[in-house]
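**Q** Please build the complete structure, drawing on both the sequences and the hints.
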Amino acid sequence: MIHLLRDVPGLISAHMEESLKRAFGPLGISDWNSLFWIAHPGGPAIVDQIEAEMGLKPEKLRLSRHVLSEYGNVFSTTVLIILDEMRKSSAEDGQTTTGEGHDWSVLFGFGPGLTVETVVLRSMPIHSLKIEVQGSKMIDQKLEEEKSTKAAEEPAKSKEDQQTAVSSQLTPNQLPPSQEREPILDPDPGPHFLRMV
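Position 64 of the sequence shown, counted from 1, bears residue number 1312 in the numbering used here, the numbering being contiguous throughout.
If you're looking for bench data, these hints aren't it; they were derived computationally from the structure.
Treat each hint with caution, since some may be false.
Across the chosen pairs, the derived CB separations fall in these ranges [said to hold, decoys possible]:
| # | residue 1 | residue 2 | range |
| --- | --- | --- | --- |
| 1 | S1396 | P1360 | 45 to 55 Å |
| 2 | P1274 | G1342 | 23 to 33 Å |
| 3 | S1317 | P1360 | 15 to 25 Å |
| 4 | N1321 | P1373 | 28 to 38 Å |
Owing to the predicted nature of the structure, the values given are computational and were not obtained by experimental measurement.
A virtual CB, placed ideally from N, CA and C, is assigned to each residue, including glycine.
**A** Following this line, the structure appears as structure tokens:
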């Protein structure tokens, strides 16, 4: 079990505003409540301290708290779980973007040696996700149709005939067609809902 030193939450929150100003200054953003927050919840004290120090509304870190209570601190992957939860809740709540209706986000990750990583994210409109998923499904459907057409055009051969034909055509270092790898297209693009800026 990992225990945080008592001064870690204070150290993190004390330097957070400086980090936010450097990251969001070029974008002209200084209202931290106008962002959606993906904060790695290293522990409840860190989340509480960030909220207090930054003057955040309680709902800003709601998903960080939820993920911490449901999964615990699963280190760096915690932020990916929070991103996925945000995408789902934004869609369910009818928000316009995957970031709870906001365009910009701050993603904070905390690590060993008291490392703080700050990432600026921009949300995608929810309707873009539907188009991306639909487009991916259409590609998969087209590939299946081509595969079926090709299979129907080939004359039916017995398994022995196929093996004999393959082995006679092989040269050293070749794999039989049954062992060749085909490209994999994922029909579900997953949580590709934020793009780096």
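**Q** Indicate, hint by hint, whether the structure satisfies it.
**A** Consistency of the hints with the structure:
no. : hint                      : in the structure
1   : S1396 x P1360: 45 to 55 Å : holds (52 Å)
2   : P1274 x G1342: 23 to 33 Å : holds (31 Å)
3   : S1317 x P1360: 15 to 25 Å : holds (23 Å)
4   : N1321 x P1373: 28 to 38 Å : holds (32 Å)
The structure meets every hint from the earlier list without exception.
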